[in-house]
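One-letter residues, chain by chain:
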Amino acid sequence: MEWIDFALYFMIALVALCLYRVIKGPSVADRVVAIDIIGIIVVGICIILSIKTEKAFLIDIGIAWIILSFIGTLTMAKYLGRRKLDE
Amino acid sequence: MNKLIADILLGIGMLFSLLGCLGLIRLPDIYNRLQAATKCVTLGACCILLSLVIRYGFTESGIKGLLAIPILFFASTVGAHALIRGSHIFGIKLWEKSIIDEYADDGYGGSSDQENQKDTNDEIS
Chain Z
1 MEWIDFALYF MIALVALCLY RVIKGPSVAD RVVAIDIIGI IVVGICIILS
51 IKTEKAFLID IGIAWIILSF IGTLTMAKYL GRRKLDE
Chain P
1 MNKLIADILL GIGMLFSLLG CLGLIRLPDI YNRLQAATKC VTLGACCILL
51 SLVIRYGFTE SGIKGLLAIP ILFFASTVGA HALIRGSHIF GIKLWEKSII
101 DEYADDGYGG SSDQENQKDT NDEIS
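Respectively, the protein sequence lines represent chains Z and P.
Residue numbering for the first sequence follows this note's numbering, beginning at 1 and increasing consecutively.
Residue numbering for the second sequence follows this note's numbering, beginning at 1 and increasing consecutively.
Just chain P, same shape as in the assembly (with noise of 0.2 Å):
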């Protein structure tokens, strides 16, 4: 029986899987991108190591795959939010029919104007 939970938690994390890295691939712009990816690999990856926790219960393997859960949990969605900061910043322009961009309506961000850049960049250091 845990065999089969097990199969089919593997299953739903390739599933999930699959799904991210079309997004990767099929989406127009890198904040799209990122956020279909990042969530559904990640959620991914945590079925896999979901099945590996049941698959052997709280042995040595299983207790090592309860703690890689909120590891990865936390470290990939941290990492993702630096990063899409970090490039809007950069002043990668967004998808030509996207209808809103609040991070730079309230001045952070640079994908305006170099000199609105360079002022927000002092505001933070």
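The shape of chain Z in the complex, shown without the other chains (with noise of 0.2 Å):
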């Protein structure tokens, strides 16, 4: 097995880790903190798909999933805070 296929099921068994905290965390916050960790890792995964199979499109799809996260990080944040969204 090359490097890079480890590296890729390495990040993906980190995914099945993380989803323990989804599962069993117990608070509303827990369960974002661990999305949000999975979020970073899907970039990882995206750029390791990206060196692997060499094509340039898939770093933009990491991108895109950054701001994205970003955005529903913000979001449950200001839910938690307890404000109104358009404060």
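Some hints here could point you the wrong way.
[To be verified] The calculated lysine-lysine pairs, modelled on DSS-like cross-linking and capped at a C-alpha distance of 30 Å, are:
id : chain 1 : residue 1 : chain 2 : residue 2
1  : P       : K3        : Z       : K24
2  : Z       : K78       : P       : K39
3  : P       : K97       : Z       : K84
4  : Z       : K24       : Z       : K78
5  : Z       : K24       : P       : K39
6  : P       : K93       : Z       : K84
7  : P       : K3        : P       : K97
8  : Z       : K84       : Z       : K24
Read the hints as simulated data drawn from the structure, not as lab findings.
Each chain sits in its own coordinate frame; assemble them with the hints.
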């Protein structure tokens, strides 16, 4: 097995590790934190896939994923802080 | 030579991601978890992107990867800060062995009682 394939499977296993916290997390905020971390790991998976398949558009998917994950996290932070979304 | 450096950076990125996920699972409360997981996993993803940049140089892929590093760095850290502030206002307790809570001592946050929380929210908005 090549090193890049091993890296791919390793990162997928890390997503499975984080899913444990999503399922078990005692409060809402724990789940949101775990999903945020899963988003960053998925960006890493996109980059590794882009190295493996030598296609450049997968990096664009990674950048879009970062920005969408950022917006989602900010929305959840406003919800947890008990403020309206249009303030 | 470039490929060897890129492989080593990929390994460093995988190691930091693993440490971040272990912190996310093992640490006791949400504040510890977030400070471990966000920093380590962000550094891991940045190392993987740097590995891409070194492997491909200044081609299409490399420049896109170089562009993605600051976006990832600022977006994830700012998001984590906002999230931790929101969860403090929401009233999630610190770990019982925590020794200091400066944010609550300054009068922000709402982990103490309901009345204080209401005043704080009015103050902010």
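If any of the earlier hints don't hold here, list their numbers in rising order. Result: hints 1, 3, 7 break, sorted rising.
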